[in-house]
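Each protein sequence line maps, in turn, to chains A and B. Residue numbers are given in this note's numbering: position 267 of the first sequence equals residue 267, and the series is strictly consecutive. Residue numbers are given in this note's numbering: position 22 of the second sequence equals residue 22, and the series is strictly consecutive.
Because the hints were derived from the structure by calculation, they are not lab data. Incorrect hints may have been included.
Put simply, identical chains are the same to the list, so a pair is met inside one copy or across any two.
[Unchecked claim] Taking lysine-lysine pairs in the DSBU-like style, the calculated list, with each CA pair at most 35 Å apart, reads:
id: 1; residue 1: Lys27; residue 2: Lys110
id: 2; residue 1: Lys45; residue 2: Lys70
id: 3; residue 1: Lys70; residue 2: Lys27
id: 4; residue 1: Lys28; residue 2: Lys70
id: 5; residue 1: Lys28; residue 2: Lys301
id: 6; residue 1: Lys287; residue 2: Lys28
id: 7; residue 1: Lys287; residue 2: Lys301
id: 8; residue 1: Lys301; residue 2: Lys45
id: 9; residue 1: Lys287; residue 2: Lys45
id: 10; residue 1: Lys287; residue 2: Lys27
id: 11; residue 1: Lys27; residue 2: Lys301
id: 12; residue 1: Lys110; residue 2: Lys70
id: 13; residue 1: Lys287; residue 2: Lys70
There are 2 protein chains.
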Amino acid sequence: MQRLIWTVIAAFAMAIVLGPIVIPWLKKLKLGKVIYELGPDHAAKAGTPQMGGVIFALPALVAAVAFSYKGGNWGLLLMCLVSALGFGLIGFVDDFLKVRRHASEGLTPKQKLLPQIVLSIALSVWAYLHPQIGPSLRVPFVNVEWNLGWFYIPVMVFILVGTVNSANLLDGLDGLLGGCALFDFVTMALICVALAAADPVNAGSLLNVAIFGGAMAGGLIGFLRYNSHPARVFMGDVGSFFIGGALVGMTTVTRLSLLLPIIALAMVMSSVSDLIQFAYFRATHGKRFFRMAPLHHHFEKGGMPETSIVAMYYIATVMLCLVALLGFVA
Amino acid sequence: MQRLIWTVIAAFAMAIVLGPIVIPWLKKLKLGKVIYELGPDHAAKAGTPQMGGVIFALPALVAAVAFSYKGGNWGLLLMCLVSALGFGLIGFVDDFLKVRRHASEGLTPKQKLLPQIVLSIALSVWAYLHPQIGPSLRVPFVNVEWNLGWFYIPVMVFILVGTVNSANLLDGLDGLLGGCALFDFVTMALICVALAAADPVNAGSLLNVAIFGGAMAGGLIGFLRYNSHPARVFMGDVGSFFIGGALVGMTTVTRLSLLLPIIALAMVMSSVSDLIQFAYFRATHGKRFFRMAPLHHHFEKGGMPETSIVAMYYIATVMLCLVALLGFVA
Numbered sequence: 001m002q003r004l005i006w007t008v009i010a011a012f013a014m015a016i017v018l019g020p021i022v023i024p025w026l027k028k029l030k031l032g033k034v035i036y037e038l039g040p041d042h043a044a045k046a047g048t049p050q051m052g053g054v055i056f057a058l059p060a061l062v063a064a065v066a067f068s069y070k071g072g073n074w075g076l077l078l079m080c081l082v083s084a085l086g087f088g089l090i091g092f093v094d095d096f097l098k099v100r101r102h103a104s105e106g107l108t109p110k111q112k113l114l115p116q117i118v119l120s121i122a123l124s125v126w127a128y129l130h131p132q133i134g135p136s137l138r139v140p141f142v143n144v145e146w147n148l149g150w151f152y153i154p155v156m157v158f159i160l161v162g163t164v165n166s167a168n169l170l171d172g173l174d175g176l177l178g179g180c181a182l183f184d185f186v187t188m189a190l191i192c193v194a195l196a197a198a199d200p201v202n203a204g205s206l207l208n209v210a211i212f213g214g215a216m217a218g219g220l221i222g223f224l225r226y227n228s229h230p231a232r233v234f235m236g237d238v239g240s241f242f243i244g245g246a247l248v249g250m251t252t253v254t255r256l257s258l259l260l261p262i263i264a265l266a267m268v269m270s271s272v273s274d275l276i277q278f279a280y281f282r283a284t285h286g287k288r289f290f291r292m293a294p295l296h297h298h299f300e301k302g303g304m305p306e307t308s309i310v311a312m313y314y315i316a317t318v319m320l321c322l323v324a325l326l327g328f329v330a
Numbered sequence: 001m002q003r004l005i006w007t008v009i010a011a012f013a014m015a016i017v018l019g020p021i022v023i024p025w026l027k028k029l030k031l032g033k034v035i036y037e038l039g040p041d042h043a044a045k046a047g048t049p050q051m052g053g054v055i056f057a058l059p060a061l062v063a064a065v066a067f068s069y070k071g072g073n074w075g076l077l078l079m080c081l082v083s084a085l086g087f088g089l090i091g092f093v094d095d096f097l098k099v100r101r102h103a104s105e106g107l108t109p110k111q112k113l114l115p116q117i118v119l120s121i122a123l124s125v126w127a128y129l130h131p132q133i134g135p136s137l138r139v140p141f142v143n144v145e146w147n148l149g150w151f152y153i154p155v156m157v158f159i160l161v162g163t164v165n166s167a168n169l170l171d172g173l174d175g176l177l178g179g180c181a182l183f184d185f186v187t188m189a190l191i192c193v194a195l196a197a198a199d200p201v202n203a204g205s206l207l208n209v210a211i212f213g214g215a216m217a218g219g220l221i222g223f224l225r226y227n228s229h230p231a232r233v234f235m236g237d238v239g240s241f242f243i244g245g246a247l248v249g250m251t252t253v254t255r256l257s258l259l260l261p262i263i264a265l266a267m268v269m270s271s272v273s274d275l276i277q278f279a280y281f282r283a284t285h286g287k288r289f290f291r292m293a294p295l296h297h298h299f300e301k302g303g304m305p306e307t308s309i310v311a312m313y314y315i316a317t318v319m320l321c322l323v324a325l326l327g328f329v330a
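Put together the whole structure using the sequences plus the hints.
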């Protein structure tokens with residue numbers, strides 16, 4: 001636990017230092033975010049630089065590698081790193097093109113989805129074949145393992161692509177995704193510590209995954225210093241995809257992907273509300289189910305202040321994370 | 001730990017339910033806060049009801065009692081409850097008089113200080129004579145016990161009165177005291193769990209103190225749903241004194257009062273900045289050291305947005321709490 005705490009502190013310190021270096025630089029490069037035209041009244045946010053995700057991503061990577069246990073315990077951590085970096089890179093390309101083209105859209109949805117699916121297939125096969133992971137998922141609270149066989153691959157591709165894009169959708173209000181993800185990473189880190197205590201054979205590998213969670217948490221705490229309302233920087237797709245990749249990486253290597261609808265309900269609801277909105281719009285030929293999707297914009301359009309929505313999401317996420325932890329502590 | 005998590009969830013649930021019952025009732029009783037005339041531009045906050053502290057205080061008390069281990073383990077918990085309730089009651093009288101008199105001042109400073117000192121002496125003597133506490137303080141990080149002898153009494157009176165009034169001073173921005181205190185209670189609860197694991201004789205008593213910390217944390221998470229910016233209710237003196245009493249109660253029974261300058265630095269700085277401002281004003285015949293005291297108003301007068309100040313205080317408190325935890329985990 002001491003090592004985990006030091007990881008959080010180190011990643012936090014790097015992110016806090018990185019902020020005042022990166023933010024003016026992003027501004028200078030005229031990386032001001034082009035506010036999505038259909039969004040609620042966010043004109044005040046034009047000019048806020050995006051791509052700020054590097055403020056937590058770099059510290060998280062450095063801290064995770066620096067504080068990890070070396071030797072034969074790197075397999076699970078490596079997959080987390082590849083997942084976070086891989087999806088983060090796709091987001092980076094998207095952000096970069098937005099900036100170059102001075103438009104609110106970089107890659108087309110298809111151009112984003114294709115590399116995501118390719119990466120997800122690669123990660124799923126890797127996990128399927130990995131001796132410490134394999135084709136079964138833990139079912140939370142009931143101590144059952146659910147062996148999916150080869151069906152594991154398409155299920156995991158769905159979970160990986162879904163999580164990453166859900167994280168992206170949740171990134172719509174100051175501090176919203178960063179804070180909710182922070183609680184998720186703390187929870188996953190604590191769960192990994194609990195799993196390690198119960199599984200001496202894989203303890204080293206699992207503790208390295210906990211270290212990764214701590215590194216993400218520390219980086220995000222530092223990032224929130226600059227991203228909480230009123231945000232001085234946005235994380236951009238590089239940030240939200242990195243978060244999604246890191247989180248789903250952690251649940252993949254621990255076989256705990258079925259925990260995502262609990263600890264990451266905020267992300268899941270973003271996707272689900274988007275799908276409901278789309279399907280209802282189609283079915284009714286133009287009626288809206290929510291005032292606006294994803295869900296957090298529905299609350300915003302209803303007159304709830306942005307900071308209240310974010311607080312509500314934080315509080316709900318903390319409580320759901322506590323419920324998840326109930327399944328792993330004595 | 002499961003019991004601790006259930007305590008948090010139960011206290012949270014009660015506070016969430018209590019909010020929409022208590023807030024309109026406080027408004028109806030015309031308990032609108034009279035905004036302190038010298039404060040920064042907070043005119044928008046006039047009319048927000050105070051005395052909202054009951055929203056977390058009652059759930060915390062009920063959850064702590066309901067989830068505590070019964071039998072011979074109640075000594076330390078009882079002192080926490082008396083400290084929180086006793087100081088909270090002084091705050092309640094103050095709030096009640098403000099409302100009755102429709103003024104921003106209820107009790108005079110002297111009228112507040114006298115019962116605080118009396119209660120502090122009683123608690124200090126109780127702790128001094130208590131077989132599980134006694135006249136020594138743990139020195140953090142160095143595993144040393146510092147036996148103060150009879151000098152323990154005046155030192156503890158100073159710490160008790162100081163903590164309670166520092167908490168009161170920190171209660172100046174939406175969600176500020178509630179959030180910072182939340183992290184303190186979580187930290188103290190975890191420290192109590194760690195102490196209990198290392199001390200089988202007192203484990204039951206210490207776990208009950210952890211339960212109390214969890215109950216306070218849960219109550220505060222629920223309260224923050226209504227108190228985070230823009231606040232729909234303020235906690236009032238009943239809330240801030242209750243928090244101060246609960247926190248210093250926990251550090252007293254664990255002999256960890258020397259941890260307060262770390263985990264409760266935000267509170268300490270509020271008092272210290274007030275004292276510096278006062279002394280400097282006297283010494284220079286009218287010059288101000290800070291733009292305004294306590295410290296959070298100094299940042300506010302400097303143009304920092306309220307939500308940014310609160311986020312900064314949260315983040316600093318979390319990091320300091322992690323540093324404190326380093327002294328208690330393996």
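Here is what the structure says about each hint:
| no. | hint | in the structure |
| --- | --- | --- |
| 1 | Lys27 <-> Lys110 | within (29 Å within a copy, 53 Å between copies) |
| 2 | Lys45 <-> Lys70 | neither (44 Å within a copy, 54 Å between copies) |
| 3 | Lys70 <-> Lys27 | neither (39 Å within a copy, 60 Å between copies) |
| 4 | Lys28 <-> Lys70 | neither (40 Å within a copy, 63 Å between copies) |
| 5 | Lys28 <-> Lys301 | both (33 Å within a copy, 28 Å between copies) |
| 6 | Lys287 <-> Lys28 | neither (42 Å within a copy, 40 Å between copies) |
| 7 | Lys287 <-> Lys301 | within (16 Å within a copy, 47 Å between copies) |
| 8 | Lys301 <-> Lys45 | both (17 Å within a copy, 23 Å between copies) |
| 9 | Lys287 <-> Lys45 | within (29 Å within a copy, 38 Å between copies) |
| 10 | Lys287 <-> Lys27 | neither (39 Å within a copy, 38 Å between copies) |
| 11 | Lys27 <-> Lys301 | both (29 Å within a copy, 26 Å between copies) |
| 12 | Lys110 <-> Lys70 | neither (39 Å within a copy, 61 Å between copies) |
| 13 | Lys287 <-> Lys70 | neither (56 Å within a copy, 58 Å between copies) |
Hint check: violations occur at hints 2, 3, 4, 6, 10, 12 and 13; the rest are consistent with the structure.
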